[in-house]
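Kindly generate the complete structure, drawing on both the sequences and the hints.
2 protein chains.
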Amino acid sequence: MGNTRITMKGLAKILGVSTSTVSRALKDHHSIGEETREKIKKTALKLGYIPNSVASNLRRRKTNHIGVIVPRIDRYFHSSSISGIEEVANEAGYYVSIFQTKDSYIKEVESVEILMSNKADGIIACLALETSDIDHYKQLANTKIPLVLFDRVCNDLESNKVLINDYDAAFKACDHLAKIGCKRIAHIAGNLNSSIFKARLEGYKAALIANNLTINEDFIFYGNILSEEEGRHFANALFDMNTKPDGIFCANDITAVSVIQTARERKFSVPQDIAVVGFSNTPISKIIQPSLTTIEDHAFEMGQASARLLIKQIEDNDQNIVSETLIIRNELIIRESTVPAE
Amino acid sequence: MGNTRITMKGLAKILGVSTSTVSRALKDHHSIGEETREKIKKTALKLGYIPNSVASNLRRRKTNHIGVIVPRIDRYFHSSSISGIEEVANEAGYYVSIFQTKDSYIKEVESVEILMSNKADGIIACLALETSDIDHYKQLANTKIPLVLFDRVCNDLESNKVLINDYDAAFKACDHLAKIGCKRIAHIAGNLNSSIFKARLEGYKAALIANNLTINEDFIFYGNILSEEEGRHFANALFDMNTKPDGIFCANDITAVSVIQTARERKFSVPQDIAVVGFSNTPISKIIQPSLTTIEDHAFEMGQASARLLIKQIEDNDQNIVSETLIIRNELIIRESTVPAE
DNA sequence: TTGTAGGCGTTATCAC
DNA sequence: GTGATAACGCCTACAA
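Those protein sequence lines, which keep their order, are chains A and B. Under the numbering used here, the residues of the first sequence are numbered 1 to 342, in order. Under the numbering used here, the residues of the second sequence are numbered 1 to 342, in order.
Watch out, some of these pointers could steer you wrong.
[What the hints assert, rightly or not] Taking lysine-lysine and the BS3-like style, the derived pairs with C-alpha atoms no more than 25 Å apart in a straight line are:
| hint | chain 1 | residue 1 | chain 2 | residue 2 |
| --- | --- | --- | --- | --- |
| 1 | A | K119 | B | K41 |
| 2 | B | K9 | A | K62 |
| 3 | B | K46 | A | K138 |
| 4 | A | K198 | A | K102 |
| 5 | B | K46 | B | K9 |
| 6 | A | K138 | B | K41 |
[Unchecked claim] A short list of chain B residues far from chain A (calculated; beta carbon distances all over 12 Å):
| hint | residue |
| --- | --- |
| 7 | E38 |
| 8 | L157 |
| 9 | Y167 |
| 10 | K205 |
| 11 | I220 |
| 12 | E296 |
[Stated by the list, open to error] Partial chain A-side listing against chain B, Cβ under 7 Å, derived:
| hint | residue |
| --- | --- |
| 13 | A55 |
| 14 | L58 |
| 15 | I73 |
What the hints contain is simulated information worked out from the structure, not anything from laboratory work. Glycine included, C-beta positions come from ideal geometry on N, C-alpha and C.
Structure representation (structure tokens):
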């Protein structure tokens, strides 16, 4: 057990061959003779040789490393997308490292810097809520490191994107509320700095208009991180109103669940007093009572698509295509929070 | 924008100094004159210099990179521990990359190999269910890369460990069931290949014995990944029995929730017909109705403790301490699934 | 089929 | 205070 690990040079010396031969043998280069190769591989194994990727990466100018930047991995949407990314990336010989921004702009900038310094082959990112200045991503552009933004993207940035049509999804959700007879539809909106929450708000408004309902600013709650606490806070405010909404579209499942729970505590019934729709079809939406009507946004598939797109950019390098945008399907899933089980 | 990024060498040439001076200036080395330093930093910024960590890592033999290996990041316990790890690691100047094994032995071995090759400064791991052969971790030992195992550890391996007392936690859970009057306590066990599930089963048995209850093998359901489906399957089997249990301790919250849901579907009431206890205090346990009695295992704190322990090993390198084991506290949280709200 | 030599970009050690 | 030089471990043109 030497203090320092054996290297190719060491193996070469022991076997009386050159380092290039060792290097080639270990990579199954065709030009190496059968017996030399076997011999080298055997002793490499015996001596516990471990390739040094750091050196190899430096030399090859390639790391086989994809960086993923997401707001918070403990949100179902993100952990699912990461799973999708990982599946595709590993299959293609890349490993994935994950950076959590906790929706902080600073952390996002730092993450991008680390990934640039570490020469990641590509980056997949979902923007932090705080992020509006995007110079760090622009800088990325002239490092030739491909970027895919997913879900929360930025329109000011020309880059590859994978997203759903949030406007359309929100429209469907609110149109459904209108069709089941809601007249006073409220909305818990997310941080409007973020593309998706802006689009969901627009979709909400459009659906009301399309159904000849008036848009009441008092019925729009402007949230930020859409945590359970925020949801409870808004729900309480809502149930304190004189003229209460009879339907609500929440920009995520977490706040929708809070509304249902608050309704229960305050003896309102869902959907009779108020119908509730969430967003993302997280596991909890099936478990809560009444179960939650929500939008399925296919997070896992978004992750897969993002990784495929990124790897294509890394490997094909088609100079003609400047950027590509993929829209992933979404569906309204109707459950008891809008249509009671008979 | 040239095709390849500027390096220290390039900066040196442009400024008419040596690379060593550039290197030192950018790191605020004291021996560099005020004006030279400023000048170098300014042009570095202007020309968009990005340090190449790959080269630096090779030279310094240090990557400031901690690898984390977990079964599945979409389980609340793991995403919380990762958050704890990240917080501590980032604070100390390390970045964290995450590998998901999906409980597969092969993926675990591959992850360790990638991290060894990439010269991670340390590894934090939670064993995959499939893992019983631990040679890959033993190999790690003679690379001098410190390892911390957390939660699901391995007794055959001398390494740093951070865990809770699962035996004790399970004992508390089942003792509680006995004290509220349950006479026929069932258990949904996890994969017994895993230390924690073995300990929870032991704790269960010990609590029954301590309360003079007989251990009925028919009441022990041997699960594997403890998914919702497994939970439903066992719950249905349980409710089909002639003599039904009147209490059940589930080795995780997911299966406990399935039991509650199945009970509801089959018109049994919780806790009157059967009292239910889960494990991990996941967010869902507060939301389900009735809310779930469970064990709080402080995942976030386990993550923090693991990272602190690892970083200590990386930086102190105290040759006297071979390994260290930390036991994190746990508590029984009593909710409506065992004690109805009045 | 194998060897030689140079360099990937940085930093540590000497020297001046 | 600054520079020259070598080395981290690997890969690859070129040569033999």
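Each hint, compared with the structure:
A distance of roughly 21 Å separates the Cα atoms of K119 (chain A) and K41 (chain B); the hinted pair therefore holds under the 25 Å criterion. Simply put, K9 (chain B) and K62 (chain A) have alpha-carbon atoms about 20 Å apart, close enough for the 25 Å limit, and the pair holds. Taking the CA atoms of K46 (chain B) and K138 (chain A), the gap is near 15 Å; set against the 25 Å cutoff, the hint holds. The hinted pair formed by K198 (chain A) and K102 (chain A) meets the criterion: a straight-line CA distance of about 20 Å does not exceed 25 Å.
Between K46 (chain B) and K9 (chain B), the direct Cα distance comes to roughly 16 Å. Compliance with the 25 Å bound is thereby established for this hinted pair. Of the supplied pair hints, the one linking K138 (chain A) and K41 (chain B) holds, its CA atoms being roughly 21 Å apart against a limit of 25 Å. Here E38 (chain B) stays apart from chain A, with its beta-carbon at least about 21 Å from theirs, past the 12 Å limit. Remark: the non-interface label on L157 (chain B) is consistent with the geometry, its nearest Cβ contact in chain A lying 18 Å away (cut-off 12 Å).
Under the 12 Å C-beta cut-off, the non-interface status given to Y167 (chain B) relative to chain A holds; the minimum distance is some 28 Å. The beta carbon of K205 (chain B) is kept farther than 12 Å from every beta carbon of chain A, the shortest such distance being approximately 30 Å. No Cβ of chain A comes within 12 Å of the Cβ of I220 (chain B); the nearest lies about 25 Å off, and the non-interface call holds. No Cβ of chain A comes within 12 Å of the Cβ of E296 (chain B); the nearest lies about 16 Å off, and the non-interface call holds.
At its closest, the beta carbon of A55 (chain A) sits 5 Å from a beta carbon of chain B; the interface hint therefore holds under the 7 Å criterion. Among the interface hints, the one on L58 (chain A) holds; its C-beta lies about 5 Å from the nearest C-beta in chain B, closer than the 7 Å criterion. At about 5 Å, the closest approach between the beta carbon of I73 (chain A) and any beta carbon in chain B falls short of 7 Å, and the interface hint on this residue holds.
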